[in-house]
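Model the full assembly from the supplied sequences, consistent with the hints where possible.
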Amino acid sequence: SFIYSSRMFCRSLGANPDDLKDPIKISIPRYVLCGQGKDEHYEFELKITVLDETWTVFRRYSRFREMHKTLKLKYPELATLEFPPKKLFGNKDERVIAERRSHLEKYLRNFFCMMLKSPSSPLHIDKVGPTLSKHTICEFSPFFKKGVFDYSSHGTG
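Under UniProt numbering, the sequence shown has 118 at position 118, and the numbering climbs by one with no breaks.
Just so you know, not all the hints are guaranteed correct.
DEER-style ranges, computed between Cβ atoms [stated by the list, open to error]:
1) G35 with K69: 35 to 43 Å
2) G129 with L33: 36 to 44 Å
3) D39 with P85: 17 to 25 Å
4) T70 with E40: 22 to 30 Å
5) G37 with H124: 43 to 51 Å
6) H41 with D126: 21 to 29 Å
Listed next, the in silico DMTMM-like pairs over lysine to aspartate or glutamate satisfying Cα-Cα at most 20 Å (straight line) [said to hold, decoys possible]:
7) K38 with E94
8) K146 with E77
9) K25 with E45
10) K86 with E99
11) K47 with E139
12) K86 with E45
13) K127 with E139
14) K25 with E139
15) K146 with E45
16) K92 with D39
17) K146 with D52
18) K117 with E82
19) K25 with E53
20) K134 with D22
21) K87 with E66
22) K106 with E66
23) K74 with D22
24) K106 with E82
25) K145 with D52
26) K127 with D22
27) K134 with E53
28) K106 with D39
29) K117 with D22
30) K47 with E99
31) K69 with E82
32) K117 with E77
33) K106 with E77
34) K72 with E82
35) K87 with E40
36) K72 with E139
37) K92 with E139
38) K87 with D52
39) K134 with E45
40) K86 with D39
Hint data in this document are derived by calculation from the structure and do not stem from the laboratory. Only a predicted model underlies this, so the values are computations on that prediction, with no experimental measurement involved. C-beta atoms are modelled at their ideal positions from N, C-alpha and C, and glycine is treated no differently.
Shown next as structure tokens:
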């Protein structure tokens, strides 16, 4: 039901989608409000499916930013991805959050698209091929590991 299919992005990046067969599907179905008072923040639910494995983690926006900054140093091509900007105001505003959700989702799809095709990436489709798995992705970045960073009451550990 998502308007953006990850295939569409792969195609726009010049790959033949049939070669990739969509090995990684990622979506952000919802976000939840966590914490209280000054600690109140939104966490985005990430649903990741790799071949036949599906798992869910909750991450706040700042974690996405950290992951993007860290991996950009290793994989400079990621710098070309549009990352949703940090907002000084309105980051508790439901409208802003809803927009951020769809931007982050789009970002992650392009991110995986790129990493699957980048020869320098450990997720490069020729390298991992049939061994692409939840494990490969969690090794690639702890951002995708269950239990890491999950402090919310929704604890997904």
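Evaluation of the provided hints:
Taking 35 to 43 Å as the suggested C-beta distance range, the pair G35 and K69 does not conform, at roughly 23 Å. Between G129 and L33, the C-beta spacing of about 41 Å keeps the proposed range 36 to 44 Å intact. For the pair D39 and P85, the beta carbons lie near 23 Å from each other, so the given range of 17 to 25 Å is met. Judged by the Cβ atoms, the range 22 to 30 Å given for T70 and E40 holds: they are separated by roughly 26 Å.
Remark: the range hint 43 to 51 Å for G37 to H124 is upheld by a beta-carbon distance near 45 Å. At roughly 39 Å, the beta-carbon separation of H41 and D126 lies outside the given 21 to 29 Å, and the hint is violated. At roughly 17 Å between alpha-carbon atoms, K38 and E94 fall within 20 Å of each other, so this suggested pair holds. Simply put, K146 and E77 have alpha-carbon atoms about 26 Å apart, too far for the 20 Å limit, and the pair is violated.
In summary, the hint linking K25 to E45 is supported, as the alpha carbons are separated by about 14 Å, within the 20 Å threshold. With a C-alpha separation of about 12 Å, the suggested pairing of K86 with E99 holds against the 20 Å cut-off. Between K47 and E139 the alpha-carbon distance is near 17 Å, which keeps this suggested pair within the 20 Å criterion. A threshold of 20 Å between alpha carbons decides the hint, and for K86 with E45 the separation of about 19 Å falls inside it, so the pair holds.
For a cut-off of 20 Å, the pair hint linking K127 to E139 stands: about 15 Å separates their Cα positions. Simply put, K25 and E139 have alpha-carbon atoms about 17 Å apart, close enough for the 20 Å limit, and the pair holds. About 11 Å separates the Cα atoms of K146 and E45, which keeps this hinted pair within 20 Å; it holds. Taken as a hint, the K92 and D39 pair is honoured in the structure, with Cα atoms around 12 Å apart against an allowance of 20 Å.
Pair hint K146 plus D52 holds up; C-alpha atoms about 17 Å apart against a cutoff of 20 Å. Pair hint K117 plus E82 holds up; C-alpha atoms about 18 Å apart against a cutoff of 20 Å. Our distance criterion of 20 Å between C-alpha atoms is met by K25 and E53, whose separation comes to about 10 Å. Annotation: proposed proximity of K134 to D22 holds, straight-line Cα distance about 14 Å (limit 20 Å).
For a cut-off of 20 Å, the pair hint linking K87 to E66 stands: about 15 Å separates their Cα positions. About 17 Å separates the Cα atoms of K106 and E66, which keeps this hinted pair within 20 Å; it holds. For the suggested pair K74 and D22, the alpha carbons sit about 24 Å apart, so the restraint of at most 20 Å is broken. Between the alpha carbons of K106 and E82 the distance comes to roughly 9 Å, so the proposed pair stays at or under 20 Å and holds.
Distance restraint check for K145 and D52: the Cα-Cα separation of roughly 17 Å lies within the 20 Å cut-off, and the hinted pair is therefore satisfied. Our distance criterion of 20 Å between C-alpha atoms is met by K127 and D22, whose separation comes to about 16 Å. Taking the CA atoms of K134 and E53, the gap is about 7 Å. The hint holds against a cut of 20 Å. About 27 Å separates the Cα atoms of K106 and D39, which puts this hinted pair outside 20 Å; it is violated.
For the suggested pair K117 and D22, the alpha carbons sit about 12 Å apart, so the restraint of at most 20 Å is met. For the proposed pair K47 and E99, the alpha carbon gap of about 18 Å is at most 20 Å, so the pair holds. A hinted pair counts as satisfied when its Cα atoms are at most 20 Å apart, and K69 with E82 qualifies at roughly 12 Å. Proximity of K117 to E77 is assessed by CA-CA distance (about 11 Å); at most 20 Å being required, the pair is judged to hold.
Only pairs whose Cα atoms come within 20 Å are accepted, and K106 paired with E77 is accepted, the gap being roughly 16 Å. Taking the CA atoms of K72 and E82, the gap is about 12 Å. The hint holds against a cut of 20 Å. Only pairs whose Cα atoms come within 20 Å are accepted, and K87 paired with E40 is accepted, the gap being roughly 16 Å. Note on K72 and E139: the hinted pairing holds, with a Cα-Cα distance of about 16 Å set against a maximum of 20 Å.
At most 20 Å may separate the alpha-carbon atoms for a hinted pair to count; K92 and E139 exceed this at roughly 32 Å. A threshold of 20 Å between alpha carbons decides the hint, and for K87 with D52 the separation of about 36 Å lies outside it, so the pair is violated. A hinted pair counts as satisfied when its Cα atoms are at most 20 Å apart, and K134 with E45 qualifies at roughly 17 Å. The hinted pair formed by K86 and D39 meets the criterion: a straight-line CA distance of about 17 Å does not exceed 20 Å.
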